[in-house]
Amino acid sequence: MASTTSTSSTTQEVSEPRLFGLLAEFSEASNLISAAAAIRDAGYKRWDCYSPFPVHGMDRVMRLKPTVLPWMVFAGGFAGATGALALAWFCNAYAYPLIFSGKPYWSLPANIPVAFPLTILLASITTFFGLWALTGLPRPHHPLFTSERFRRVTDDGFFIAIEATDPCYHTATTTELLRRLGAIAVEEIKD
Amino acid sequence: MTTAITAPIYETGFDNTADDVLRQPVLVTGHATYQEVTRKVCRVAEAPRAPRAWYVCFAISLALLALLMAMIGYELFTGVGVWGNNSPVDWGFPIINFVFWVGIAHAGTLISAILLLFRQKWRTGINRFAEATTVFAVACAGIFPAIHVGRPWFEYWLAPYPNIMGDWPNFLSPLLWDACAVGTYVTVSTLFWYTGMVPDLASLRDRATSRIKHTIYGIFSLGWRGSARQWHIYERANIILAALATALVLGVSSTVSTDFAVSQIPGWHETIFPPYFTAGAIFSGFAIVLALAIPARELFGLKDLITRRHIDNLAKLTLLLGSMVLYVYLMEFVIAWYSGNMYERFAYLNREFGPYWWLGWGILFCNGVVPQVFWFKFARQTWWLAWPAAVLCIMGMWMERFVIVVVSLHRDFLPSSWHMFAPTWIDIGTLAGSFGLFFTLFLLFCRYLPMVAMSEVKAILPQAAVPHGGGQTARSGAKPE
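The listed protein sequences correspond, in order, to chains X and W.
So for the first sequence, this note's numbering puts the first residue at 1; every next one is plus one.
So for the second sequence, this note's numbering puts the first residue at 1001; every next one is plus one.
With the rest of the complex left out, here is chain X:
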């Protein structure tokens, strides 16, 4: 049962606890993979696996789509490169042209030392913020944090959570399925 002590956030003014779903614990990464495959085949859509480290092959089993992150990074890097070159051209060839050592006002090779780091800078910043945007973080509170058992997910716990909003969800049958797949514990999560 959902414990009320030491949750990460303090939303304790619970009028009526809403059912989030079921949390099942598995003993090993390999059990988690096989259980995930079965849950996928059973037709569930709103569910996720939780593990202390990325389990190899899980994205294939869960049929996760490739992330759009690389395209966002490319856009960021492209903006950095063109922005830096445009800025250099604007400053040194258009707004304030000066001759330094008889060099041309603007040339591509001479401006690479600035354009290169700015490309990397914008691409990295896009990666960083894109990562958190796509993973839905920061998120201080999550219904799963009400589970005392779930605290082990960052230590040695392997979990599957199926949300109550899933069309296939039915507390009794889903619990039964999870138990049959080898879950060592199944609990209801209320938030």
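Hints listed in this document are in silico derivations from the structure and should not be mistaken for laboratory results.
Even for Gly, the Cβ is constructed at its ideal location relative to N, Cα and C.
Worth double-checking, as some hints may not be accurate.
With the Cβ distance kept under 8 Å, some of the chain W side facing chain X (calculated, not the full set) [unchecked claim]:
#: 1; residue: 1186
#: 2; residue: 1187
#: 3; residue: 1203
#: 4; residue: 1226
#: 5; residue: 1242
Go by the hints and put chain W onto chain X.
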């Protein structure tokens, strides 16, 4: 907790350095369960008191940091005349220290990023640690160009912004290149370091016993839940950041070397400079990671995670990079002779036989000869040989920066303008103080943050490997049981 696959147990101190091509090398020794990994790493941050040696080191570091603040304060109030910089050696200690610290910063990103791209699993024991040295070393490096400009309160002039004077910065100026390169490097290495740390901060959050720790680690772990959908994106982001950081490592050192190479001074005006600086930078970075890892694994009881194999590999890489540096040293002499240019020839004869001859030979000894001891396994595995060798390499790299900056400048084309350089006590105090800043930050990191990347170490434990059959079953859609 029952384990389906029983992991072989390698006792603490197990010699995992042997290379048996038929077997996977053992990367984690001791009783390596997931819980053990979490416990071993977190216990450093959770202990109510640090080891006594930590307090002693921290007190010394804080004293040096105070010295740095005093030196910078004195310099700001008095002017750059307090340093030994004077014509013809207008670039003295500030630039030497800047290039030195930028170099130190390089191994962290390299170990982390390049070894990640090459899928070198042993990196997981030391990558967090190495990334931390990067972030702190760049912080030290950034100070020097900032104070070297003399009036740091006008540094915003480097930024392109519409101003009342109607002028714009010169994008062909090495000062602007440095600002872009170092600014980008400090940002990207911090982002990379922090992104890697989020799942481990979540471990500390979930183990926190006090409300305040729970809140602080909770804020910085962003509410990480370790879900497969999160890991999926997270792993991709880490690879992208690694690829960007790798390109940046090569870019930053090349940019710093270009500050020299675009000038006309004999000893600076060379096309070999970008790869030369990069090799030297990575070499000094490996040496400092080696020099820090040897005491840290003893002091914080991390011998099972930073194993003898890690030290062995670090020593081998130091040897490799040291040999590359030696090659460049020798190649510079060959090119000076082969160029037929009398100024270039003189610069290199002066380096070995001029007034700073002891530094010229010193760098050949420290960076060329000393790392060669790592050919011998005994030297790689014996701390009282490996540690002094690493420290000599670091000192050698500082001397190399001195030789490049001062020895090239003090005798240029016209003998009437030759002059010797002597540092003042402010110069020396600032250099010593920068080590104080580095070690203060590093010791705080060791004490309060996860020093080893737990989630990555867990992923390389034998029991984390999912049998290939599991994936097959999953793909074909057959239900187990």
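Consistency of the hints with the structure:
At about 10 Å, the closest approach between the beta carbon of residue 1186(W) and any beta carbon in chain X exceeds 8 Å, and the interface hint on this residue is violated. For the restraint placing residue 1187(W) at the interface with chain X, the shortest Cβ-Cβ distance is roughly 6 Å, inside the 8 Å limit, so the hint holds. Taking 8 Å as the C-beta contact cut-off toward chain X, the hint placing residue 1203(W) at the interface holds, the least distance being around 4 Å. For the restraint placing residue 1226(W) at the interface with chain X, the shortest Cβ-Cβ distance is roughly 5 Å, inside the 8 Å limit, so the hint holds.
Contact between residue 1242(W) and chain X, as hinted, is not supported at the beta carbon level, the nearest pair being about 10 Å apart and thus beyond 8 Å.
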